[in-house]
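Undergrad: Sequence:
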Amino acid sequence: MYQQGARNELNWMITVLDRIVLEATQLPEVERLFRECYQPAAAERGLRLVSREISPPLMLAEAPLTLWQRWEVADVGAWWSMRAQSGTPAVAEFWQRIDALTISRERVYPGAHTASELPAPIGNASDVASRGYRETAQLRVREGSIDTLDAGLREVMALLPGAEHTALARNFAP
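In case it helps, this note's numbering puts the sequence shown at residues 137 to 310.
Honestly, the hints are just simulated from the structure, not real lab data. Treat the numbers as computed from the prediction; the structure is a model and nothing was measured. Honestly, I wouldn't trust all of these hints.
Stated by the list, open to error - What follows is a list of derived Cβ distance ranges for each label pair:
id	residue 1	residue 2	range
1	Ala303	Glu172	17 to 27 Å
2	Thr224	Leu289	44 to 54 Å
3	Glu165	Leu289	22 to 32 Å
4	Gly280	Glu159	16 to 26 Å
5	Ala197	Thr284	17 to 27 Å
6	Leu285	Glu165	21 to 31 Å
7	Ala226	Pro246	24 to 34 Å
8	Glu159	Glu253	16 to 26 Å
9	Val244	Asp211	17 to 27 Å
10	Val186	Ala226	42 to 52 Å
We put the beta carbon where it would ideally sit given N, CA and C, even for glycine.
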């Protein structure tokens with residue numbers, strides 16, 4: 137985590153690099169899925185495709201290929217916004233389809249910065265002290281069922297020694 141300094145380091149463009157290893161015969165279908173099913177929605181989330189490269193640059197029958205896709209996100213705020221919007225069933229289904237066609241995949245966030253350009257790290261110590269254990273869960277609740285679920289949680293809370301609080305709220309992502 138970094139603190140924002142005079143140069144406004146949190147406004148750096150963020151690079152997203154996908155490394156996808158696959159058999160050469162699967163490449164056309166994987167490219168089609170990215171082009172038709174992923175890229176339009178990714179652009180709406182702020183993820184812009186910059187380049188696509190294949191290594192080695194020829195089809196080999198006896199060895200897999202690596203598809204490199206470089207994306208960009210405008211800044212830290214845009215990255216978090218993109219992440220909040222990526223937890224949809226459509227995105228999960230897309231990656232399941234990709235996984236069925238590939239050997240492996242990895243997404244990393246490389247930076248082109250030197251050590252002298254990086255902002256100073258900040259500690260992760262908090263001024264707020266926790267009194268115990270906290271559990272968070274994301275649930276998909278049918279429309280109109282939240283009141284029933286809330287009442288049930290409150291009943292269970294009364295039976296649990298040491299439990300202090302329960303809360304339900306809408307998720308930030310659709």
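Undergrad: Which earlier hints can't be squared with this structure?
TA: 1, 2, 3, 4, 5, 6, 8 and 10
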